[in-house]
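Q: These protein sequences, in sequence, are chains A and B. All letters in the first sequence, in the order written, are residues 1 to 218 by the numbering used here. All letters in the second sequence, in the order written, are residues 1001 to 1235 by the numbering used here.
It is possible that some hints are incorrect.
[Said to hold, decoys possible] So these bits of chain B aren't anywhere near chain A, every CB distance computed over 10 Å:
| id | residue |
| --- | --- |
| 1 | Gly-1017 |
| 2 | Leu-1042 |
| 3 | Ser-1063 |
| 4 | Gln-1129 |
| 5 | Leu-1136 |
| 6 | Leu-1192 |
| 7 | Leu-1196 |
| 8 | Ala-1214 |
[Stated by the list, open to error] Simulated restraints, written as ranges between beta carbons of each label pair:
| id | chain 1 | residue 1 | chain 2 | residue 2 | range |
| --- | --- | --- | --- | --- | --- |
| 9 | B | Leu-1208 | A | Ser-87 | 43 to 49 Å |
| 10 | B | Ala-1122 | A | Leu-126 | 42 to 48 Å |
| 11 | A | Gly-168 | B | Val-1079 | 27 to 33 Å |
| 12 | B | Ala-1122 | A | Ile-12 | 29 to 35 Å |
| 13 | B | Gly-1017 | A | Ala-110 | 55 to 61 Å |
| 14 | B | Gly-1189 | A | Thr-85 | 20 to 26 Å |
| 15 | B | Val-1201 | A | Arg-45 | 27 to 33 Å |
| 16 | A | Ser-87 | B | Val-1132 | 31 to 37 Å |
| 17 | B | Ser-1182 | A | Leu-207 | 46 to 52 Å |
| 18 | B | Val-1079 | A | Leu-54 | 46 to 52 Å |
[To be verified] Computed footprint of chain B on chain A; a stretch qualifies when at least three of its residues, placed anywhere within it, have a C-beta under 8 Å from a C-beta of chain B:
| id | segment |
| --- | --- |
| 19 | 59-73 |
| 20 | 169-180 |
| 21 | 201-212 |
By construction, these hints were calculated from the structure, which means they are not laboratory data. For glycine and all other residues, C-beta sits at the position ideal for the given N, C-alpha and C.
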Amino acid sequence: MTWHWDYVSESIPLLLMGLLVTVELTVLGSLVAYVLGLVLALLRRARIPVLSQLVYLFIEVVRSTPLLIQVFFIFYLLWPALGVTPSAFLTGVIALGIHYATYTAEVYRAGIDAVPKGQWEAATALSIPRARVWTGIVLPQAVPRVLPALGNYMISMFKETPLLLSIGVLEVLNRAKEQGAQTFQVLEPYTLAGILFLLISYPSSILVRRLERRVGQL
Amino acid sequence: MSGSTGNIISTILSGLGATVAAAAGGIALTIVLSFLAGLAMLSRSRAVRFVSRVYVEGFRGTSEVVQLFWLYFVLPALVGFKLVPLFAGIIVLGLNHGAYGAEVVRGAVQSVPPAQREGAVALSFSPAQRMVRVILPQAVVEMLPPFNNLFIQLMKSTALLYFISAGEITEKGELLRPVYGSQLVLIYGVELICYLVIAVVITVVMRLTERVLAGRLGREPPKRDKAFAKVGVTT
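Please work from the sequences and hints to get the whole structure.
A: As structure tokens, then:
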């Protein structure tokens, strides 16, 4: 098997279409993970009997089991049970979002724990309402500190999206597979897929490292 | 009903061997590569540092699934022979997680207090003796918690071997799905329990190792948390 440049130029438009889907999945999945993760972190912290234990159990089970099975679980079991038929793309966004929410929940928790106790005490002494303490005092201090960690999870998610080809999402690897199946020539499309991932995730991780350094100086 | 239940459970459990073999093989390869690449990144030679940096960033930057597809579907055409799926899986799992582990090793070695190194120099230990007798015993204890997370991540990644039909748990479950469509709760339930149990086993082994090694250094052994609380990944 040899490398054909004309085949490369033929494959690139198709792969870029796939890359767009990969990026969309990552951005939407991250939004779900960031919002749901905060909700899970607050629920765990709320110490409502039973509920906070259930949230803890949910986080541990989702974190310790493979994302691929969670995708199958949602696609083949949960949707039919609920009687709905969302697209494979939406399934991907939701599965990625829920999976990574269990990681971001821990990140938020660490960020919230890092807010000095005196801040809580001062807020109590000033009898500021509880909701206002969270939105005005605690979260504005906790969230900037955890931004690099959230960025890292976005990069991890980006690199995990290819497993969604198992339910037919036309992301970059599935496009490469499609191209390979048509021409029986898989060297170029699969190699290009890898290069595309590297081209995005390497610069992103450098940016996150820079952000880490800046946050470290806070 | 009970016949199909038994059939489902035994079919999924028949994939347990491949899953455990993939995880164990991947972990072994990860440990070797982590130390090789991690120590190479601390080398004085610019060329050695560069090579290990390329390995680490290359494998961290490209997706694990893409690496699996590349090794299993592209490489055979280039080298002329196809790897056994399970073997290909172990190689990809090891190469991928070894790249992450290299940073763990590098960080742990760098976190050993400089006075320890200076002390070893004062005692005129050779560089190799310094590393093996003074630096590494302390660094290894630091590495264990992040390695625990990494190994659980690796164990979860064995599910990706479904894509190359390595006969592990996820693939067995997917083979059952068309036949036992009404019993998906059982199928996925058994799969999830298998992965949870392996995760707990990995954590328990790592915690024990940490206690033993910390004890040998004369350090306070780490506090005994519930094993389950440590399961999961925070990389």
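Q: Each hint needs a verdict: does it hold in this structure or not?
A: Going through the hints against the structure:
The non-interface label for Gly-1017 (chain B) is consistent with chain A: the shortest C-beta to C-beta separation is roughly 17 Å, beyond 10 Å. Under the 10 Å C-beta cut-off, the non-interface status given to Leu-1042 (chain B) relative to chain A holds; the minimum distance is some 18 Å. For Ser-1063 (chain B), the shortest C-beta to C-beta distance to chain A comes to about 4 Å, within the 10 Å cut-off, and the non-interface label is violated. For Gln-1129 (chain B), the non-interface assignment is confirmed: its Cβ lies about 34 Å from the closest Cβ of chain A, beyond the 10 Å cut-off.
With a least CB separation of 26 Å from chain A, Leu-1136 (chain B) remains clear of the 10 Å interface cut-off, as annotated. The claim that Leu-1192 (chain B) lies off the interface is violated: its Cβ sits roughly 5 Å from the closest Cβ of chain A, which falls inside the 10 Å cut-off. With a closest Cβ-Cβ approach of about 6 Å to chain A, Leu-1196 (chain B) is found to fall inside the 10 Å limit, against its non-interface label. Listed as a non-interface residue, Ala-1214 (chain B) keeps its Cβ farther than 10 Å from every Cβ of chain A; the least gap is roughly 23 Å.
The hint said 43 to 49 Å for the Cβ distance between Leu-1208 (chain B) and Ser-87 (chain A), and at roughly 46 Å that hint holds. The hinted window of 42 to 48 Å between Ala-1122 (chain B) and Leu-126 (chain A) is violated, with their beta carbons roughly 56 Å apart. About 31 Å separates the C-beta atoms of Gly-168 (chain A) and Val-1079 (chain B), a value consistent with the hinted range of 27 to 33 Å. Distance hint check: the CB atoms of Ala-1122 (chain B) and Ile-12 (chain A) are about 59 Å apart, inconsistent with the given range 29 to 35 Å.
Under the hint 55 to 61 Å, the C-beta atoms of Gly-1017 (chain B) and Ala-110 (chain A), about 38 Å apart, miss the expected range. Evaluation of the 20 to 26 Å hint for Gly-1189 (chain B) and Thr-85 (chain A) yields a pass: the beta carbon distance comes to about 23 Å. Evaluation of the 27 to 33 Å hint for Val-1201 (chain B) and Arg-45 (chain A) yields a pass: the beta carbon distance comes to about 30 Å. The hinted window of 31 to 37 Å between Ser-87 (chain A) and Val-1132 (chain B) is violated, with their beta carbons roughly 56 Å apart.
Look at Ser-1182 (chain B) against Leu-207 (chain A): about 48 Å separates their beta carbons, and that is inside 46 to 52 Å. At roughly 51 Å, the beta carbons of Val-1079 (chain B) and Leu-54 (chain A) sit within the given window of 46 to 52 Å. For the segment 59-73 of chain A, the proposed coverage by chain B is satisfied: 12 residues have a C-beta within less than 8 Å of a C-beta in that chain, meeting the threshold of three. Counting residues of the segment 169-180 of chain A whose beta-carbon sits less than 8 Å from any beta-carbon of chain B gives 4, enough to reach three: the coverage restraint holds.
For the segment 201-212 of chain A, the proposed coverage by chain B is satisfied: 3 residues have a C-beta within less than 8 Å of a C-beta in that chain, meeting the threshold of three.
In summary, the structure is inconsistent with hints 3, 6, 7, 10, 12, 13 and 16 from the numbered list given earlier, while agreeing with the others.
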